[in-house]
Amino acid sequence: MSRLLELEAVTAAYGPVQALFGVGLGVDEAEVVALMGRNGMGKTTTVRTICRMMPATGGRIVFAGVDLLRLPSHRAAQLGIGLVPEGRRTFAPLTVAENLAVAARPGAWDLGRVTALFPRLGERLGQTARTLSGGEQQMLAIARALMTNPRLLILDEATEGLAPSVRHEIWAAIRALKQQGLSILLIDKSLKEISAVADRAVILERGETVWSGAMADVTTQIADRHLGV
Amino acid sequence: MGRDAALNTAVFAALVAVAFGAHVYGAPYVVTLATKAAILALAGVGLNLALGYGGMVSFGHAVFFGIGGYVTGIFASHAAAGTPVTTFPFTIAGSAEMLGIWPMAMVVTALAAVVIGALSLRTTGVYFIMVTLAFAQMVYYFAISWRAYGGEDGLSFYVRNSFPGLNTFAPLQFFAISAVLLAMAMAFSALVTRSRFGLALQAARANRQRVMASGIRPFALQLTAFVLSAAIVGLAGALYADLNRFVSPAMLSWHMSGEIMVFVILGGVGRLAGPVAGAGVFILLEQLLGGVSEYWQALLGLLLLAIVLYAPGGILGLLARGMRRV
Chain A
1 MSRLLELEAV TAAYGPVQAL FGVGLGVDEA EVVALMGRNG MGKTTTVRTI
51 CRMMPATGGR IVFAGVDLLR LPSHRAAQLG IGLVPEGRRT FAPLTVAENL
101 AVAARPGAWD LGRVTALFPR LGERLGQTAR TLSGGEQQML AIARALMTNP
151 RLLILDEATE GLAPSVRHEI WAAIRALKQQ GLSILLIDKS LKEISAVADR
201 AVILERGETV WSGAMADVTT QIADRHLGV
Chain B
1 MGRDAALNTA VFAALVAVAF GAHVYGAPYV VTLATKAAIL ALAGVGLNLA
51 LGYGGMVSFG HAVFFGIGGY VTGIFASHAA AGTPVTTFPF TIAGSAEMLG
101 IWPMAMVVTA LAAVVIGALS LRTTGVYFIM VTLAFAQMVY YFAISWRAYG
151 GEDGLSFYVR NSFPGLNTFA PLQFFAISAV LLAMAMAFSA LVTRSRFGLA
201 LQAARANRQR VMASGIRPFA LQLTAFVLSA AIVGLAGALY ADLNRFVSPA
251 MLSWHMSGEI MVFVILGGVG RLAGPVAGAG VFILLEQLLG GVSEYWQALL
301 GLLLLAIVLY APGGILGLLA RGMRRV
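Residue numbers (UniProt numbering), protein chains in the order written: chain A, 1 to 229; chain B, 1 to 326.
Any given hint could be a false lead.
[As the list claims (entries may be wrong)] Chain A stretches covered by chain B per the calculated footprint, using a threshold of three residues with CB under 8 Å from any CB of chain B:
id: 1; segment: 92-98
id: 2; segment: 164-171
[What the hints assert, rightly or not] From the structure, some residues in chain A lie toward chain B, with a derived Cβ separation under 7 Å:
id: 3; residue: N39
id: 4; residue: M53
id: 5; residue: T57
id: 6; residue: L69
id: 7; residue: S73
id: 8; residue: H74
id: 9; residue: A77
id: 10; residue: R89
[Said to hold, decoys possible] Every beta carbon over 10 Å from chain A, so not counted as near; a handful from chain B, in silico:
id: 11; residue: V126
id: 12; residue: A203
id: 13; residue: G215
id: 14; residue: E286
id: 15; residue: Q287
id: 16; residue: G291
id: 17; residue: A298
id: 18; residue: L300
Honestly, the hints are just simulated from the structure, not real lab data.
Idealized CB from N, CA, C, for every residue including glycine.
Please work from the sequences and hints to get the whole structure.
Put into structure tokens, the structure is as follows:
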């Protein structure tokens, strides 16, 4: 299996406040990696740094053989990083179909395929995004990222704050994406659901990678020590 | 036809009806007022592309209006005097042909917009407003000191430029030219905003970073929209110069920038026929209240305040709401 994304000793700062102190992680082709850690440990900052939405102050980020460190964020997206940001951000004034059309890049994922994954979106193509329910907006955010035909999908808290039935639907979609061979970097709070889908896990603590290994090796002790509240 | 399309068509049709009605009843002055409304609406349609759909609050669009006007004035006055506009690096003769002047006005405005846009789009928010204003003021003061073309007094040309097959001095025929261009600009706007480019532009207004996360560079989008917007405003400026057969630095002033913005806000930001309704109401108020008091703009100010506070969708937003209720 070849390495798709590699972070080595990445540091980043919000102005004078350092947020990442040395994050290392790797995602292989067709692999699902869970990025874990308590609140405020740097998971979202790591994702934002990968997507070039905030600059890294040091370290190395290589995606598909390309050094990302100096690229603007739209180039990272063009290279094949599809981000579903925290808080399901859609383009509120545009319709579902328009949201998807804006993001579309040539490839296997098209309108037909994303609406097959999320049939509910197919029923609401003409509706503006702001009139969708929270779960539907989350589906739209995932579908929009898929329309860019990413090689790596990054899901930042994709099921947060959703009703259990909707969560269930989204996890089913994530499992389907894994089966189709998509590489995924996943942030979520539900250890149970993550365990069912992730191959490997990386745990952050205070902006630093403190543990990484196979998902199956995340024992109760490790979870209690690094993830418990 | 959708509700919005019906409303847009109705607003445009109302303007045309006023002009034809006035012509039939022998009121050429009113036809000329309708022409003025159509031309100012054209400028508004141009600004709307940047402001309404692109979210770029340009407080310097008069610069494009004025440049379009000056290109017309300069070409027309040289044509009348029989002298070339320039002999370096190659000779460019004057022209009194609208079909020759319009593309020239649009190209010059577009070039100015590339420069102004590229520099001001590095900023956002209040800084963008200030930078666009600063550019417009720069050109305004340049025009004031440009003696060759009248400086502060402006530049008159006595013969309205010609259009093949039409008598541009006949008020209704000049109105027809302006109205057709307005309709074309509206159709163009509708096409652009529905294209993937236009959708991405609106998405970038909603959230710049998310657009970048989809692999799109907002700067290129916004600059393109800014230039298209400026070219339309430049065309309006060319027509406005022809309407008055006069250009002056006033066309470049920040009052003018503000007025074009008022058409858009009064009519409805980001609505296709918004500037048409806005310019129409503006001219109507100017005529009705201007005779009563020279302070009529104070009332316009109140109206604008009411619209912004209670009907952010502008006149068209109100009409659309009314239609939904019916």
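To see whether the hints hold, each was checked on the structure:
no., hint, in the structure
1, 92-98, "holds (count 4)"
2, 164-171, "violated (count 0)"
3, N39, "violated (22 Å)"
4, M53, "holds (6 Å)"
5, T57, "violated (20 Å)"
6, L69, "violated (17 Å)"
7, S73, "holds (4 Å)"
8, H74, "holds (4 Å)"
9, A77, "holds (4 Å)"
10, R89, "holds (5 Å)"
11, V126, "holds (21 Å)"
12, A203, "violated (4 Å)"
13, G215, "violated (4 Å)"
14, E286, "holds (33 Å)"
15, Q287, "holds (36 Å)"
16, G291, "holds (41 Å)"
17, A298, "holds (34 Å)"
18, L300, "holds (29 Å)"
Comparing the model with each numbered hint stated earlier shows that hints 2, 3, 5, 6, 12, 13 do not hold.
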